[in-house]
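Colleague: Protein chains in written order, with the numbering used here: chain S, 1 to 294; chain X, 1 to 418; chain C, 1 to 331.
Be careful, since some hints might not be right.
Unchecked claim - Among the chain X residues that face chain S by a calculated CB cut under 7 Å, a handful are: (1) K214; (2) H215; (3) P216; (4) Q220; (5) L225; (6) P227; (7) L230; (8) S231; (9) D235; (10) G277; (11) A279; (12) F299.
Rather than coming from a laboratory, the hints here were simulated on the basis of the structure. For glycine and all other residues, C-beta sits at the position ideal for the given N, C-alpha and C.
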Amino acid sequence: MGEIPLDILALQILTGIALGCIFVLVATGLTLIFGLLNVVNFAHGAFYAAGAYLGVFAFGYTGSFWLSLFIVPLGMAAVGMVTERVLLRPIYGRGMSYPLLLTFGVGYVLVELIRILFGTDGLPFSSPPELRGSILLGDIAFPLYRLFVMAFTAALLTSLWFLIEKTPFGLIIRAGARDAEIVKVLGIDTSKVWLLIFALGTAVAGIAGFLAAPMRGVIPEMGVTVLIEAFVITVVGGMGSLPGAVIAGLLLGIVVSLTSYFAADFSNIVMFAIMAIVLLVRPQGLLGRPEAAR
Amino acid sequence: MQSSRRPISSLSRRAALKFLGAGVVVGACWSRSAAQGAGGLIKVGFPVPLSGPYGSEAADQVRCAQLAVEDFNKSGGLNGRMAELLVRDDKLNPAEAVTRTLELVEKERVDLIVGSLSGAIQLAVNETCKARGMTYNALGVSDRLNEASDFGPTTYHEGLAPYFSVGALGRYVFSKLGNRVAYLIADYEFGYEMRRAFQVVGERMGVQVVAEVKHPLGMQDFSSLFPRILSAKPDILCVLNFGRDQLNALKQASEFGLKDRMKILVGALSSNQRIAGGAEAYTDVVGASNYYWKAEEMFASSKAFNAAYAAKYKGGIPSDYGSYGYGGVRSMLELARKAGSVDPVALSAAVGSGFNFDLYKGPQMIRACDHQSVQAVFVLRSKGPSEMKSPNDAFEVLEVAPPDDTKLRSCAELGLKT
Amino acid sequence: MNSMSILAETSRAERWRERRVFAWVQRHRVAAAAVTLSLLPGIVPHPALAINILIYGLFATGYNLLFGYTGLLSLGHAALFGAGAYACGIAIASGGLPWFAAILAGIVLAVAVGGIIGALAIRTRGVYFGMVTLALAQCLYFICYQWVSLTGGESGLRGVSVQAVSLGSLRVSLIDPYQKYYFLLVLVIVALAVFSRILESPFGAVIEAIRENENRARASGYDLRWIKWISFVLSSAFCGLAGALNAIHLGIVSIDTLFYTTSGTVVMMTLLGGMGTFFGPFIGAALFLSLEDVTASWTTHWQLIAGLVFIACVRFFPKGVWGSALAMVRR
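Sequences are here, hints too, so could you generate the full structure?
Modeller: Right under this line is the structure:
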């Protein structure tokens, strides 16, 4: 194995962070939905894929990457709202298993719908011309687009942080995550809040999918591995904790990147081993609430 | 214990024993002989992954297979017996593939089975067919199928062996493009088989392996693997994976500037991915393929095949993986014609010291000892979008490696009787 | 009276009332299952499907013990099914063991794996329980994937060939689909009989108590962790048996057996049929597999139909087909 030269190490970390950004976005949506609604959203990977397809479709229609980037969260928020209102809301009272299983079914159906509408092969999609090209870091050409993804993720997370920490709506979210019952007693229409949260989580997943599209391609199965990765991150960071998702996502991206240097075929098992260890030693994750887990 | 726990009543116990006995008797009565239909239609079972990521490849295999059945029937069939294709979806899942195979064998009473695209699945189907004495012609690319542990007298293999196809690619490329080689290998049997083929050829030609990077199947983001490859400064990068992994690896390699620094090879070229992902990612990539429509410039049978396909499917062209469907079905039917029957023993005997045929890509031969279809391999270079004179003008043919069974592993090496 | 006998008394009284209504089916539920399953090959289009229903029905039954009766949502039961399959398969293919020893090996390994996973998972609750089982099952998947010399890795394990089985002077051919079916049926019915006994024992009452109200059960003095663990282990035994039978049926063991999609499938089947009921899992398996089989022959988009049916079930018939039927009859 041997040591890894410093410039390569820096590069591996950089690619790890870029990798982590997509992880973080998907995990953010998942952890938001779990934190407030107590729903484990197994359809999250499908929403990720749907966002990518929606974006590519919008691009085909409008010809503009930036406009599509705007359309995707709106469209996916609508999808999320419909899912929450029509399918999830009626079954909230029945315990944690049913919403989980329902979202599992939704994921199945959504992916198959994508196959029916857009075919099984996937769609070609490239980054916009403004972002093509790369900057030279030593021997390697680092694509501009990935730098853009990192910047965009940072911007998006900052706005989310602002929303949660500094706005009245964010106050409700934080209070609801702490104790949903009290929030209801205080007279706030929690059903509307939940609807918006689910829509927000779905929208973020959709953006993640569209952002990932030029890097990883657009196929119906694109959300399957992403879902599992998102679970790992959410668990490690703490289900319900946004900063936890960010830290865990970036960390995991770097870990996967470094593992790839030495033994890429083990990067999957490393992820699951970490998830298992965290669950057994500290099930609430890095920043989650301890009382929920045991 | 307490009286609430009731004992197994004598009624239930008797009932259970009765059913046990009845079940065995019924089973014995229902057991039917395994004799195939003596006359009538020749039924060819065709399980392929119609749903899932290889749906397009499988769909083209079905189209080509139906064409094969038609061509066979038009030329008289087997002494007047016509052939019929029974298509099934194996869902790219070995358990489902076995279930479909059992349905074809037990319920439909097919005479032979042709199919599979995935290496793992064809091993599973082969196992099932072997146990039941059912002739099976596998279309997937694999080395393993012909080895003694998996091979059986009913096993046939139309798909290429990577040892041969990748070997041909290596022989062409290593002599021309340089001698420092890096490998990007998908972590499964197929990836390793391609790696081994390059190894054998590479050793003979004095190639130096500067980097060997494995990646898990389904890895979407290859960026973390590139720094290591780049720092090794290879002349050639061999990308040994398939399907979406192949497309993503090539696309990202391009973005990270690898294409500018080294020549990129692909062990098994997938024309479908090139269409799905855009020709851009594949520009100047060299790979091995089992079929390209321009073979019609060399072989009359290719011209006829392309023409028949275009006539039946409104001007389309057969794809690489699709054409296996044609060769796989048609060669077995022609073998049956030679044998005068579809009985597995007769078919095996009809192979003799080698069954020669020329049905769609020039001369081919089913080798006697391992039933491998020895066939030509096309070494192709993918054209960039600006070079393409028409949408179908996807590749430049660099070389057509002729069928040569000395370049395959010998049957002794496979552990089989020669 | 101590808490155990109070609980037993209450459940006994309830059962007595129920019994007056469907005494017959309940009393003879194993026999009823045996009769219905004996007729299955005549109902479904082809015998291989009937065998799959039998095997997955047993798998779902084992899963139901944990999910339907104890109330623990495990998302990693593929590990137990796969452990049973691989142990049995390796015993036959590499070890040359006879079929009964191989099946036993399957059950034993599944119980061992279940014991470990259960012990680790029981420490958490709620959705975390599901996540732990998922993570540990995936770890087992990757271990088996990489351990190519033992399991065949991604190419799967081949050579699990049992052509015939000798029961004394009787020779049952496993190549003939109907003989194979009835042979497996006997084993499954025996397993169901054991399962039925477990449910009727005081243990069966306790696990249902845990499902209904965990705190109350704890307050009644039961050691929940121990009982949950036993439930997990027993569930593993049935799922492992199902896996072993699957290995013999297919003649191969594919790596997909350990993948989380298999875990998802058994959850779907159990829910579809009716969790917490005796016949539910078999009915769920029959419906799910038949649906898949039939729709796959119409369209390559069979997953859409399966998914929609599943969503409809969760949304409108949470008790599943059999559970809803039971509820309607009881009303």
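Colleague: Which hint numbers doesn't this structure obey?
Modeller: 9, 11, 12
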